[in-house]
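Visitor: Each chain is listed here by its residues.
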Amino acid sequence: MEMPYCIPILTEQDIVTARQMGRKLAKDLGYGMIFQSRIATAISELARNIFLYADSGSVKINIIEKEGKVGLAVVAEDQGQGIRDIKKAMEDGYSTSGGLGAGLPGVKRLMDQFTIESQAGKGTRVEIVKWRD
Amino acid sequence: MEMPYCIPILTEQDIVTARQMGRKLAKDLGYGMIFQSRIATAISELARNIFLYADSGSVKINIIEKEGKVGLAVVAEDQGQGIRDIKKAMEDGYSTSGGLGAGLPGVKRLMDQFTIESQAGKGTRVEIVKWRD
Amino acid sequence: MQKENLLTQYQEILQAYLQEGGENQLYLGQQLSKWLLAGNVPPEEVIELHLGALSKKTEVSEEIRASFEMLTEIMIEYGNAIRENRSLRSRQKQMESEFEIAVAMQQTMLPDEVPDFPDLDIGVVHVPANQVSGDYYNFVQREDHAFSVAIADIVGKGMPAALCMSMIKFAMDSFDESSVKPGRMLHHLNRVVERNIDPSMFVTMLFGRYDTMRHRFRYAVAGHEPGFLFCARDEKFTDLEGKGLVLGMLPETCFSEKEVALESGDMLILMTDGVVERKIGTRYFQREDLLPYLHAEIGLSAQEMADRIYRRLLLLSNFELQDDYTMIIIHRL
Amino acid sequence: MQKENLLTQYQEILQAYLQEGGENQLYLGQQLSKWLLAGNVPPEEVIELHLGALSKKTEVSEEIRASFEMLTEIMIEYGNAIRENRSLRSRQKQMESEFEIAVAMQQTMLPDEVPDFPDLDIGVVHVPANQVSGDYYNFVQREDHAFSVAIADIVGKGMPAALCMSMIKFAMDSFDESSVKPGRMLHHLNRVVERNIDPSMFVTMLFGRYDTMRHRFRYAVAGHEPGFLFCARDEKFTDLEGKGLVLGMLPETCFSEKEVALESGDMLILMTDGVVERKIGTRYFQREDLLPYLHAEIGLSAQEMADRIYRRLLLLSNFELQDDYTMIIIHRL
Ligand SMILES: [Mn+2]
Ligand SMILES: [Mn+2]
Ligand SMILES: [Mn+2]
Ligand SMILES: [Mn+2]
Chain A
1 MEMPYCIPIL TEQDIVTARQ MGRKLAKDLG YGMIFQSRIA TAISELARNI
51 FLYADSGSVK INIIEKEGKV GLAVVAEDQG QGIRDIKKAM EDGYSTSGGL
101 GAGLPGVKRL MDQFTIESQA GKGTRVEIVK WRD
Chain B
1 MEMPYCIPIL TEQDIVTARQ MGRKLAKDLG YGMIFQSRIA TAISELARNI
51 FLYADSGSVK INIIEKEGKV GLAVVAEDQG QGIRDIKKAM EDGYSTSGGL
101 GAGLPGVKRL MDQFTIESQA GKGTRVEIVK WRD
Chain C
1 MQKENLLTQY QEILQAYLQE GGENQLYLGQ QLSKWLLAGN VPPEEVIELH
51 LGALSKKTEV SEEIRASFEM LTEIMIEYGN AIRENRSLRS RQKQMESEFE
101 IAVAMQQTML PDEVPDFPDL DIGVVHVPAN QVSGDYYNFV QREDHAFSVA
151 IADIVGKGMP AALCMSMIKF AMDSFDESSV KPGRMLHHLN RVVERNIDPS
201 MFVTMLFGRY DTMRHRFRYA VAGHEPGFLF CARDEKFTDL EGKGLVLGML
251 PETCFSEKEV ALESGDMLIL MTDGVVERKI GTRYFQREDL LPYLHAEIGL
301 SAQEMADRIY RRLLLLSNFE LQDDYTMIII HRL
Chain D
1 MQKENLLTQY QEILQAYLQE GGENQLYLGQ QLSKWLLAGN VPPEEVIELH
51 LGALSKKTEV SEEIRASFEM LTEIMIEYGN AIRENRSLRS RQKQMESEFE
101 IAVAMQQTML PDEVPDFPDL DIGVVHVPAN QVSGDYYNFV QREDHAFSVA
151 IADIVGKGMP AALCMSMIKF AMDSFDESSV KPGRMLHHLN RVVERNIDPS
201 MFVTMLFGRY DTMRHRFRYA VAGHEPGFLF CARDEKFTDL EGKGLVLGML
251 PETCFSEKEV ALESGDMLIL MTDGVVERKI GTRYFQREDL LPYLHAEIGL
301 SAQEMADRIY RRLLLLSNFE LQDDYTMIII HRL
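Protein chains in written order, with the UniProt record's numbering: chain A, 1 to 133; chain B, 1 to 133; chain C, 1 to 333; chain D, 1 to 333.
Honestly, the hints are just simulated from the structure, not real lab data. Any given hint might turn out to be false.
Under the rule of at most 27 angstroms between Cα atoms (straight-line distance), these lysine-lysine pairs were calculated in the DSS-like manner [said to hold, decoys possible]:
hint	chain 1	residue 1	chain 2	residue 2
1	A	K27	D	K34
2	A	K66	A	K108
3	D	K34	D	K93
4	D	K3	C	K93
5	B	K122	B	K66
6	B	K27	C	K157
7	C	K279	B	K108
8	D	K157	C	K93
9	A	K108	D	K243
10	B	K108	D	K34
11	C	K157	B	K87
12	B	K66	C	K93
13	A	K27	C	K157
14	B	K69	D	K157
15	B	K24	B	K66
16	D	K34	A	K108
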């Protein structure tokens, strides 16, 4: 496994950098325009949550392989306040309310895999994977 | 008030004719592309319901005026079996089930006014109005 | 239909439209869009489809191609909304099936039949405005020569009203005195409702006991729409008066009892406010407006009379029921 | 944001993107798309917006312009789905608020406090897996030196379970014998459930009467998860055995009674199957696996013990509750 790309998220420009990196890797892997955009969109949501609601955090992007399949894995991690009610944050309708965790159901539906861990006061970790068909 | 255009709906080609007539009148009235398409779409749904589920019926299109406003009114009438449960037919979700009355909630939302009358065994009458802003 | 197939179809329709134009192709396009939606093709893929089909037919400049990248970006968000639509629909389906079971359970709370006495004719119409009813009625017979009747309106709708109704039914069934006194019954029910229900919710009720020997109806009222007594001799309807606080307002409430006597041919008409509350055009129906409709059906059986009044009132308000509707007619033959 | 404003913004973003390209503009595009959605701009209008902005920046051929007519046609149908989304959301909100009221009503059906006797210590933990609980428990005290306890699991979830629960509560309250015999109570409840409930639904229950003079617990079981009796002398837990059909299955069912005696220090542990039913990784938790957790907390007060057991079991299943959870501990001091 290669070393992942890691983008610390401190400013809004870092969100753009993370998007760009995701799009580039997706393109290198041979994803079409839509998948490039979807990955950029998903990274954008995760990075924006860090930018808006956590003091610091990072987005790591990695090319992964499993059982002959190639995919893109993204890990967004922060040391923010954490999401109090993950179940609620993953419900539809909540996503439009704004606030921490907004947009997560949309991200989940864009990807093949989605895992989230969050502890109040300790931070949040979201991992997403999109496999190449 | 002018005499309305009247298109009897017997074949699928009549649906197309009704759409075209609606689009043309909308264009004459100065509606933009989207409103032209929306009116054509709404007429299409109503005419298709007649074509699929009633032996005969017609679509009347009329330019109307009220309190200085100009609009397009469409009346779709048939002598079919009628819609048993209008309330149900106007609920979301039902619209995708196919069958008589499918698509009516969508038509209602596209228009400014929507009235429906239906009697079991006697037929259905839908009237829609779209005002020019 | 396969996605591949949809793609090919879109290409064909678009090419034909670019060649000849015409409403025909637009109509086919609309039909196709339903297949696309049903096939879970999100809008961002429609954009891609479109660009692909367009490129096969005509020259697409670099600039226009680039503009489609922006459009795709925008449409992904719209795609999220449409994907959410699917999950909202399935959640709604589940909730609705719960509602349906609740409705079925509610049905079992209503009495199966009306009391049967040789010199009484009883009719009932009970129609909920929505799936779940907030009106309730009940007949209880514990004595040979008397029965009790309750008619109630739960202020509040849907599921909470259904829960409240089941509570009232069982509180009524549990009242363990063989000869029920209406005032005492309301007193008992008031305590149950007050203790167990959200302060914002309350219940109006008329509860009465009909003595079939003496043909006297003794009743008490808790903020409920007054019924009518029809006097056959002078062909007049008078209000079944009675004052009392609605159930669930105060923990201790007293309900005074009234009594009326029925001669042969006389009738009791009990109802909920849903019978009266209707808008006709821009005008509101009044309680007095009801009288001609009642008069018009006298002479029929109690059930036929109740049915016809319901149908005529429904016609009047253009087949719309704004509130739950319940009417009970008790006719001394 | 105004629609006009959104239009201008889209033009600016698209023009900048066509000029310089770059992720910056795409990011702004994504942000804008959220505003467009929030501003109820349907996808067909986005297409129009796009064509308008594009035409200002570059030459758009007649053919490409015509292709946008087809795209608009398609997008109107997608717009219908998104417009439907709004109405689904508002319907869902309404349904959820009904659920919330029902949940609040359910709360009031649970006893406010546990029975108070000088030589007994009682603790309860009751946690619904979802909003609406299908577990129920109740304490009834009609005699000076005895109280009854019921613990039940309604098979079926959500609103129908809530309705069933209210029925059981009032059927229990209505049982008009001063000294309750557990077998007779289950017999009574079975008839109520059988008569009033959908055949697909049933209820498991343990009902017992604790005599605080003789410290004997007499109970009957209707298909319910067995409880435990903890014997302090030999520090062992034994099952509170008892067989009986679940409530609601057959109209006439008999429930045999069992009796156990408690010495000082002994404990009764009553529960629903939600205490046992949990998956740990890929393995299912077994009833025997519970015993070390019970043993570990002996010595605490009944409430503390119940609380700690709940927390440790919850941790074990990664904070997920697959079923409603109820545990009652009755400790003879
Ligand atoms: Mn009501
Ligand atoms: Mn009412
Ligand atoms: Mn259960
Ligand atoms: Mn259970």
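Visitor: Report the numbers of all earlier hints that the structure fails to satisfy, in ascending order.
Guide: 4, 5, 6, 9, 12, 13 and 14
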